[in-house]
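Student: In case you want the letters, here they are:
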Amino acid sequence: MTPPATLRELSSTFEAMRATRSPRMKEALLGDLLLTIADDAEALQITARICAGRGLAAGDPRSVGVGWSLVMEVASGMTGYPPGILAACARATGDLGEAIGLLVERSPGADDRPGLTLVDVAALWDALASSSRRADKGPILFRALARCSPIETKYLLRSLGGGLRVGAQETLVLSAIARAFDRDLESVRWAFARTGDAGVVAGLARDDRLAEASFEIGRPAAFMLATPLESVRSALDPAMYVIEDKIDGIRAQVHKRGDEVAIFARGLSRVTEQFPEVVEAMRLTSASGALDGEIVAVGPEGRPRPFMILAERIHRKAPTRAMLTRVPVAFVAYDLLADDAGESLDSPWTDRRSRLERFVATLGPSAVIRVNPAAPMRASDAGAAVEVDAPGADAEPSAAALLPSVQSSFRAARERGHEGLVLKRVDAYYEAGRRTASWIKVKQAFATLDCVITAAEEGHGKRAGVWSDYTFAVWNGPELVNIGKAYSGLTDREIEALTARLRKLATERFGRAHLVRPEVVLEIAFDGVQRSARHKSGFALRFPRILRIRDDKPPEQADALATVRAIFAAQLESGHREEPSLADLPGSPEDPSSPPSGAPSRPPRSRSGAPARPSRPPRPAAAGRAASPAQLAFPFAEADFVPRPRRRGR
Amino acid sequence: MIEGSEEALAVVARPEGLYVPALDLFLDPSAPVPRAFVSHAHGDHVAAETGAITVSSRETAALLAARFGLAVSRPLAWGEAIAWEAPIGPTVITLMPAGHVLGAAQLVADTPAGRLVYTGDYQSGPGLTHAAGAPVPCDVLVIEATFGLPIFRFPPRDGVRADIAGWCAARLAGDEIPVLLAYSLGKAQELCVALGEDGLSIVAHGAVRRMCAAYSELGVRLPETRAIVAGDAEPGVLVIPPWARGQPFVKRRKNTRIAYVSGWARIDAARERFDADAVFTLSDHADFDDLLFTVRTSGARRVYTTYGHAAPFAAILRDLGIDARPLEAHGRDTQEEAAGEGIS
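These protein sequence lines map, in sequence, to chains U and F.
Each residue of the first sequence is one higher than the one before, starting from 1 at the first, in our numbering.
Each residue of the second sequence is one higher than the one before, starting from 1 at the first, in our numbering.
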């Protein structure tokens, strides 16, 4: 029998991963480890989970509750240094686990400690999650750490604290799993999007059972994401789309089974306790289901209120009664992932839509749970605009050319207080975890970018002492590349709060500037994109300003450089340095063809009059591309965007 | 020392820098003042102008002239005693080696109230290119605390130097270009000696070569270095200051492998920050244990800590029963190499 897989092996792998700059090499190192420990099913599972960021099962509502102060208390007892010194050490390293690991090096015999097996680590996660009192967690953690060598200490604490800092984010873990067990990466991703659990996926990959990965109520699936209109570069058929308002709230899945209700936000984090009114409303039905939609703050007549107001409800474990009255929320559902008939990810939108409406009907009339109205694109908008804009009879209009045709809907949506529109393809299945052209979002001509703060600078004058200038970045593959700097848009109070947060994330200081761990996402508005040698991204934003802090978004879901490239290319194509705003486009606000409310009862028909053909749901190995409808080749993949030549006739 | 007389030798933080009222003397001021001691020639310890009375070691005086064109009115040889006109009464000043880099000096002031020592940037033990630093017994000690946290424990220097040379040789054998990021004054010369001893050929950045020349003029034997020339195909180890990491002559070359050499390499973030393939923990500062050893050996009854982790280090000393207080050095960047060439 092979000896059990150990935390020491895992930690050495992490150290090796940290020591290389190459994502390929990181993937190979992790893949090798996964293969080495594959016989130990529990070790494989906990390893994959830890690498993906959380050592518990995806549907597990518990949390380990190992916060800064608990670790400080335990570490202080272990090392003999008071918390103030530990905090100073953590500031110097930028990481508490690393600091404590370095301090443990000073203890005689620390290298010869027995260590933990990975099964022990899984048991530790479980024990910590099961103990609700801090007084119990402390001794549990202490006993585990007492057996850890310095390097194990570092990575055990990092894994419990939520940041390994070795470049092992979700995508890398998935490719390492694919590599270790020689499976197709698409299949692995497909399985992950449905299970949300890297540990489960690793087991399935090992046993060659990825195709069995299934969505379950209570376990969040990865959200299907919309592509910005600017990035859609091929023709699309308006008859195959419906239009919905784009709700500016918190994207959420609401799961219900029996009396259990769980709410998951982006990043699959659990936010159930923050929205008790949604939980209550969902309990009014005996049916089971998993809905996808948006939580939004609402005013007296149900009108959406700005995101900033909703922000008050985030970041609190549970809202006060006063807050529930002051900032009531609604859940606006627009998709259904499962109901009593089973999972529906592989069904076309029209199917899911009618199941969604049936499910919501079982709740009875509710102000809290609503269905987002959807209207057929053709019926609601001037089809003539599409014809006029179409360059030739043989080609369908490009997405950009459709802009004028959805303009009246866009304006109507804005008047209703929404951010814009989402165009949804009626025959598309639910492409979990994908940013897909089956959903196209129309915000402003140049909407906004979600960027991650990588550095902050102390301000001058009135803003002396606070960190008011922020350098932000977008993703280029696994790497963050800076794209700009902004210092306007936030209130003094927001800056103060952000300063306090960033101080904790600071890793290094250079004069007035501080590098910070990339954890805070900003939504940045700007007037255009230009090429620039100043930033590593190769682009700069014109007049960037901060719209808001996107606390609902984990940093991994900030925008990618490819999106910036696409916006830049669209800008060039439009023949302008700056894209005209929608307001400048033809059409008037008095346009009579305002969109009807309510959803279509059956799918709109395609141009030829034939019924819309549902796209086949993907299967592993054929996931993604093969599923895209023939008329709409996937024009845009984040990783491999290549600007296309300009269309003829422009 | 007279009971309670440490108050007579109090040190205070002024906007211009640390100041000793009893001596009417600034220690490494960041702004021009009439009477100053400059401990060594790193940019973060030097003001834009020197005042009428400026004390430093002879080597530091020469390096200040070469580097910044600054004049020193009272350059001193090691152990050379001068009478110092001080408010507290008859005082003698001498300089003792502080390790760190060539010329780095500790100020030793013998006053009627006892002896005050200021370490400047400091490291005990021998160096390859400079005199060995050692604790000086005193009553009041002003000590740097750049690495004044218990996480900073550095491995033995000769072992690290051997590792660096070995890493460079392995890169060269694999047809790669090893690039060492090292501060141009001090660390770079130490590396040149270590590489030269292993027979490795060295290509150095202009900033490094200027300092090598200044060292040579002061009698330090260094191996030959070649200048960076476009099209130079002869293999060699590239030694450049950290700020040059992103410059075209590095970026343009294929097959480069970057190593960052610093005490900060002790923490993981260093590798990410310099986008380095390798990091080596080799510092010209004292680590935590060295600082503690120096404080204890000095026998000082009062200790002032300054630079870097002054506050936590003072707290740790107080826990050990030592009367220690942190002094904030205004206008100083607190990190090794940060205010000078370390930052692009």
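Keep in mind that a hint or two might mislead.
Said to hold, decoys possible - Straight-line C-alpha distance at most 30 Å; calculated BS3-like pairs for lysine-lysine:
hint : chain 1 : residue 1 : chain 2 : residue 2
1    : U       : LYS536    : F       : LYS251
2    : U       : LYS485    : F       : LYS251
3    : U       : LYS504    : U       : LYS443
4    : F       : LYS251    : U       : LYS443
5    : U       : LYS462    : U       : LYS317
These are computed hints drawn from the structure, not numbers from a lab.
Student: Need the list of violated hint numbers for this structure, in ascending order.
Tutor: Hints 3, 4 and 5 not satisfied by this model.
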